[in-house]
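Undergrad: Here is what each chain is made of, one letter per residue.
2 protein chains.
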Amino acid sequence: MAYQSRVSEAVIRRLPVYYRHLKELEQMGVERISSRELGEIMNYTASQIRQDINCFGGFGQQGYGYHVPSLRKHMANILGLERKYEAVIIGAGNIGRAVAGYKGFERDGVLIRAVFDKEPKLVGTKCNRFTVQAYDTLDEYLKSNHTDIGVIAVPAEAAQGVANRLVAGGVPAIWNFAPVDIQHPDTVVSTHVHLTDSLHILTYMMNEEALFNSIHAKMKAGNQE
Amino acid sequence: MAYQSRVSEAVIRRLPVYYRHLKELEQMGVERISSRELGEIMNYTASQIRQDINCFGGFGQQGYGYHVPSLRKHMANILGLERKYEAVIIGAGNIGRAVAGYKGFERDGVLIRAVFDKEPKLVGTKCNRFTVQAYDTLDEYLKSNHTDIGVIAVPAEAAQGVANRLVAGGVPAIWNFAPVDIQHPDTVVSTHVHLTDSLHILTYMMNEEALFNSIHAKMKAGNQE
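Protein sequence lines correspond, in order, to chains A and B. All the letters of the first sequence, read from the start, carry residue numbers 3 to 227 under our numbering. All the letters of the second sequence, read from the start, carry residue numbers 3 to 227 under our numbering.
Just so you know, the hints here were simulated from the structure itself, not pulled from any lab data. Errors might be hidden in some of the hints.
With a straight-line Cα cutoff of 27 Å, these simulated DSS-like cross-link-like pairs (lysine-lysine) come out [said to hold, decoys possible]: (1) 220(B) x 25(A); (2) 105(A) x 220(B); (3) 120(A) x 128(B).
Stretch by stretch, here's where chain B covers chain A in the computed footprint (C-beta under 8 Å, at least three residues) [said to hold, decoys possible]: (4) 12-18; (5) 70-82; (6) 94-100; (7) 118-126; (8) 139-150; (9) 197-203.
Not close to chain A: a few residues of chain B, all C-beta gaps over 10 Å, as computed [what the hints assert, rightly or not]: (10) 32; (11) 145; (12) 196.
Quick caveat, the model's predicted, so the values are computed rather than measured. Ideal placement from N, C-alpha and C gives every residue a C-beta, glycine not left out.
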């Protein structure tokens with residue numbers, strides 16, 4: 003995020019996690035929860051939970067804790083999930099198809115409106131309920147259709163070009179799945195889905211014990227030298 | 003992560019980010035970098051960078067900074083990327099296909115060996131260079147093929163069942179793309195790709211200014227009451 007936020011990046015990263023857990027708690031019928039209990043579920047301390055929520059005007063009552071449905075709604079409001087977003091997907095490959103087909107996004111107010119690809123063989127074919135449109139017609143589409151979010155689902159080498167066209171077309175937000183960082187003006191916001199990051203965290207966890215054994219062995223050897 | 007790590011979750015989350023940036027710097031031919039410069043690129047403070055790297059036995063030299071290729075290699079070692087992983091994908095839908103087709107995983111040592119699906123129409127068809135195998139044969143496959151990572155790419159309601167079978171088959175690590183938390187013994191590690199998290203961070207950023215204006219307006223109104 004080049005974007006300069008009013009709250010720390012760490013807090014922002016935790017917001018969707020709060021939202022997920024609160025949604026689950028609400029679905030399970032839990033009415034109220036203390037910051038300590040919420041902290042236990044989320045692996046955070048009670049004071050971190052209170053601090054995070056206080057960034058957004060506070061909530062909850064001393065001795066009562068949080069009312070789960072209200073806090074869930076408050077969090078949805080913070081995350082901007084109480085409005086609608088018009089979105090287009092650029093790239094009708096596997097990732098584009100996965101995004102076009104995932105029903106959860108619509109529940110969050112993100113309405114996919116069109117899918118574009120520059121591959122002539124794909125243009126005119128179906129991508130879920132959408133007919134793939136020619137990438138060449140994107141500029142024209144953006145002129146006549148208000149678009150809030152552009153989803154970049156093209157190979158790395160094509161991503162920056164797509165980002166430039168989305169920005170030129172007035173799209174204010176980019177959701178980037180291409181495995182490369184994109185540049186854009188500060189007036190545009192973007193997030194980047196790095197699938198490999200979670201894979202690397204997994205491989206880290208698989209090897210952590212061996213890693214620390216080797217670090218300790220090296221330190222010990224160093225001390226004896 | 004239910005997993006109890008030796009370093010904080012925040013540090014672990016940053017490791018793949020270091021790795022990505024160091025790889026880019028190395029590709030650009032940058033030989034050495036100070037913690038301040040690295041911090042500027044990554045939006046962290048110099049002291050945070052030094053602290054993070056010191057968690058793993060330290061590196062770099064006062065007055066010289068870090069030697070980029072060495073630190074990249076050190077980071078690859080920390081992330082467990084200097085060994086090979088045998089992986090299977092359960093689910094030959096869009097996500098399963100995207101994972102099966104992404105060449106970057108192989109460069110990180112993750113070798114996809116087989117793709118399974120329970121849909122009879124998909125069994126025997128091609129998913130990239132793999133022939134989709136029947137999910138019923140997974141147990142048998144795991145008995146005769148060493149497998150390090152199981153990729154769950156099935157709908158939410160099927161995910162726990164798949165996780166149970168992977169665990170029963172001795173698979174020590176799960177990479178979960180299903181939009182639901184899975185339970186597993188502490189001896190198994192897992193990471194969860196929540197695509198909606200990055201979408202929610204995007205919608206948060208799109209609305210942050212309006213959100214804080216409304217919080218301040220409310221506070222002001224409260225003060226005047």
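Undergrad: Decide, hint by hint, whether the structure agrees.
TA: Taking the hints in turn, this is what the structure says about them:
{"no.": "1", "hint": "220(B) x 25(A)", "in the structure": "holds (26 Å)"}
{"no.": "2", "hint": "105(A) x 220(B)", "in the structure": "violated (35 Å)"}
{"no.": "3", "hint": "120(A) x 128(B)", "in the structure": "holds (24 Å)"}
{"no.": "4", "hint": "12-18", "in the structure": "holds (count 5)"}
{"no.": "5", "hint": "70-82", "in the structure": "holds (count 4)"}
{"no.": "6", "hint": "94-100", "in the structure": "holds (count 5)"}
{"no.": "7", "hint": "118-126", "in the structure": "violated (count 0)"}
{"no.": "8", "hint": "139-150", "in the structure": "violated (count 1)"}
{"no.": "9", "hint": "197-203", "in the structure": "holds (count 7)"}
{"no.": "10", "hint": "32", "in the structure": "holds (15 Å)"}
{"no.": "11", "hint": "145", "in the structure": "holds (21 Å)"}
{"no.": "12", "hint": "196", "in the structure": "violated (7 Å)"}
In summary, the structure is inconsistent with hints 2, 7, 8, 12 from the numbered list given earlier, while agreeing with the others.
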